[in-house]
Amino acid sequence: MSTANQSTAEPKRRIQFAFTDEQEQFRSALRRFLNDRSPTTEVRRLMATETGYDPAVWRQLSEELALPGIHVPEQYGGAGFGMVELGIVMEELGRALLCAPYFSTAVLAANAILNAGSEAQKAALLPDLASGARLAALAVTEPDGDWNPAAVAAVATPAGDGYRLDGVKSYVVDGHIADLLIVAARAPKTSGLEGLALFTLAADASGVKRRQLAAMDPTRKIAQIEFSGAHASLLGNLNDGVKAIQRTLDQAAIALASEMAGGAQTMLDSAVNYAKMRVQFGRTIGSFQAIKHKLADLLLEVELAKSAAYYAAQAAAANDPEWPALASLAKAATSETYLHAAAECIQIHGGIGFTWDNDTHLWFKRAKSSETFLGQPSYHRELLMQRWGV
Amino acid sequence: MSTMNETEVRAEVREWLAANWDPDLPLAEWRGKLADSGWGMPQWPKEWYGRGLPVGLARVVEEELAAIGAVGVARSGVRLLAAATILEHGSDVHKKRYLRRILTGEDTWCQFFSEPGSGSDLAGATTKAELKGDFWIVNGQKVWTTSAHHADHGLLLARTDWDAPKHEGMSFFIIDVKQPGVDVQPLRQMNGHASFNQVFFTDAKVPKENLVARVGDGWKVAMTTLAHERRGADGLPPPSKRGTRIGKIHAEEREETEKANQPYKWYPQRAGRVDLIIERAKETGANKDPVARQEIAKLMTLAKSAEWTARRARAAQRQGRPQGPEGSLGKLAASHVARACARVHTLMTGAAAMLTGAESPRDGIIAEILVSVPAVSIAGGTDEIQRNIIAERVLELPKEPRFDTGPFRNVRRN
Ligand SMILES: Cc1cc2nc3c(=O)[nH]c(=O)nc-3n(C[C@H](O)[C@H](O)[C@H](O)COP(=O)(O)OP(=O)(O)OC[C@H]3O[C@@H](n4cnc5c(N)ncnc54)[C@H](O)[C@@H]3O)c2cc1C
Ligand SMILES: Cc1cc2nc3c(=O)[nH]c(=O)nc-3n(C[C@H](O)[C@H](O)[C@H](O)COP(=O)(O)OP(=O)(O)OC[C@H]3O[C@@H](n4cnc5c(N)ncnc54)[C@H](O)[C@@H]3O)c2cc1C
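Protein chains in written order, with our numbering: chain S, 1 to 390; chain H, 1 to 414.
Just so you know, these hints were derived from the structure itself, not from any lab.
Since the model is a prediction, treat every value here as computed from it, not as a measurement.
Think of the CB as a built atom: it goes at the ideal place given N, C-alpha and C, for glycine as much as any other residue.
Careful, some of the hints might be misleading.
[Unchecked claim] Only part of the chain H face toward chain S is listed, based on derived beta-carbon distances under 10 Å: (1) Q185; (2) L187; (3) Q189; (4) P290; (5) R311; (6) K399.
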């Protein structure tokens, strides 16, 4: 199986519209694991903790299922699969709302290193991420919340054998628990897409101040990180920085789209189950056409969203030149569907849907945080049009 | 079912095509060869013009035909729905008499289901058939009957028992349209075309042997027709024809399509013409308007996702997996795409979208999209009916409450 991270010279493989039997088995095993380890009682317990995850479960999903390195080539300690398998993992994690530093470490950080790092850096950094031994975070966005890399203001000034970093990063997923930080910054006196590159440093290096942000979605923790003269190393080289950042964000968009498709499915299932159970006016509410039609529409929407996420992952895995456009398409499509499905799920639950004890709001909040993360739907639709050359 | 695999099927059809395909054959003769060899409808049973292949492999055959530019069997209109119904419920006499002529294009069919009083609620039909001697005598009215004005045969759903409960008092017939008791009157649609008709039956005759299945089985048979209609509505185009050997047969096929299509010129517009969206965005300058760009992107996302969903359904079918929910959603998705297209096309075109004459953009096509799209969410089962079906069959939500039980005679109707 080829990975999405290999060069464009990789021979094209065909887009598949059905998962293989092996992929379906992998999905089932994963689902069993998550049903067991991430029931909502666990989600609720972990979201109330400072770190936001259970190290024992993280170890298990790393050691038994090899999930953090699923898409990392074998020579760097990974399982050597690609975007399609990463998509399956994310879809299942989204379905179960697992609280774990997977998106930050495996998706954002590992891909950033794969895309930008030199051979030596990949060999040095990736095995620990793939094995789950170290956690990592990618810091691109700043307090203005702009996901366009051109908006990066943090500066990396050459200093000795490395660089000194100055600036503030925000919305950094799992920034508060990461061991390793990967930071987007620019050369002094540059602007726009020029002079951008990625830098790495240990999270406990001097000149780094981290602060967890109080956030609406407690299932995915975010941090603000201040760098004042912190010593960092360049990841890869200065010329390919922008490309690597953009590629990393596009891959993350597909992974997040998969997670959102999974979450949307949970919301649909939950709404359907409740509609079959709840009786009003002497009938189950699922017998009212207003509810039946709402759910039929939602089913269509969720299937369409899944198709978008699956196709984008297939296109990336096949190195189809259109894949970055499709990443934006999938990100916009799934985020609107997820939030809509969560809102309808609350509505169908009636008064109980508005309570803290009902689980729906956990997914609703994840839906909203995922919708804004990596850029709102309108931002991605605009990117889609530009990438299609319209 | 045959146990051949994809490679074997490809090899065999290629060999057959190499020996038989000739672009200069008369169209009907070539289609006759396709029918007799079973390569025209490979998913049909061996004894009836097929080869007993699973549907997934039948698509492989379609691809092979397209790859060398070979013309396929006739597929237009409801002919294949008629064929599917006859294959499942018809007698051997029906199969012998009708199937081959359906495939060669010699006969055209129409569907006499809807009536002024019953559309969504097909089982409320009041057109009646009474057995007198060797003939069923038909009286009543059908409406919205596409193609009735040039069809040879019709699938007719009629009431044969007024005391039985609604769904049990119907029977299914094959009726000759070209006979004195059948009066076909074209109806003009809101888009100005006339592809459907109202049809009056006054002592029209159906030979006894043209009853399909048994008396009282009409509903069951009609459900087969409708299931095929829904399944076919995934909106995916057939594999595109390649091949370099162009002959007389292609001209004849083009001529046939053009003639048959006269009242149906608006059909591509009905689906919304998503194929023109990006071109028109550039042509009109709408691609410079940030609001229009958002609308275009939303529409294209919907259209692409619908296409991929249909392809997922087909891929599952090809692998012989049980159909997932994606297989029941095509018709509803197509309605959404069509409506969104009408909105975005007219948004991009602005004031000129109101023109239909010589100055109109694209020969009046933009306006025609707007006035043709409303058919999609009505014809072949409305969106609301699709939602009921999806909710009940896929999500397993409760059935609609019934107010039409007991003898049909006493059921409230229009
Ligand atoms: C913030 C808040 C404050 C409230 N304050 C008060 C208060 O002070 N006093 C008080 O008495 N109550 C109060 N309520 C309760 C509120 O009135 C009910 O929650 C509401 O009437 C819905 O009832 P339910 O929660 O039992 O949901 P259900 O009635 O079970 O409804 C569940 C779902 O089924 C749908 N449904 C139900 N029947 C039908 C039907 N016939 N056709 C179609 N769809 C149907 C509903 O629209 C809903 O989507 C409050 C609720 C909230 C959220
Ligand atoms: C272009 C075109 C071609 C056609 N070709 C043919 C043909 O060849 N042969 C043929 O037999 N028919 C044909 N039809 C008819 C078509 O199948 C019917 O129009 C359709 O099934 C709806 O029936 P109706 O028009 O009687 O509307 P009605 O059934 O009266 O529906 C009116 C409205 O009520 C809604 N409604 C009805 N029942 C329910 C329910 N249970 N729940 C919620 N809402 C409901 C409908 O969705 C619709 O919005 C064609 C129609 C069109 C537009």
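Per the CB criterion, is R311/H less than 10 Å away from chain S?
Check passed: Cβ of R311/H comes within 4 Å of chain S, closer than 10 Å.
Hint check: 10 Å Cβ-Cβ cutoff, P290/H to chain S:
8 Å, holds
Report holds or violated for the interface hint on Q189/H, using the least CB-CB distance to chain S and a cut-off of 10 Å.
Constraint on Q189/H not satisfied, violated at 27 Å.
Would the stated hint for K399/H survive a check requiring a Cβ distance to chain S of less than 10 Å?
Since the shortest Cβ distance to chain S is 8 Å, the answer is holds.
Evaluation of the interface hint that places Q185/H against chain S, nearest CB under 10 Å:
Not OK, violated: Q185/H not within 10 Å of chain S, min 35 Å.
Going by Cβ atoms only, is L187/H closer than 10 Å to chain S?
30 Å, violated
Consistency note: the structure conflicts with the earlier hints numbered 1, 2 and 3.
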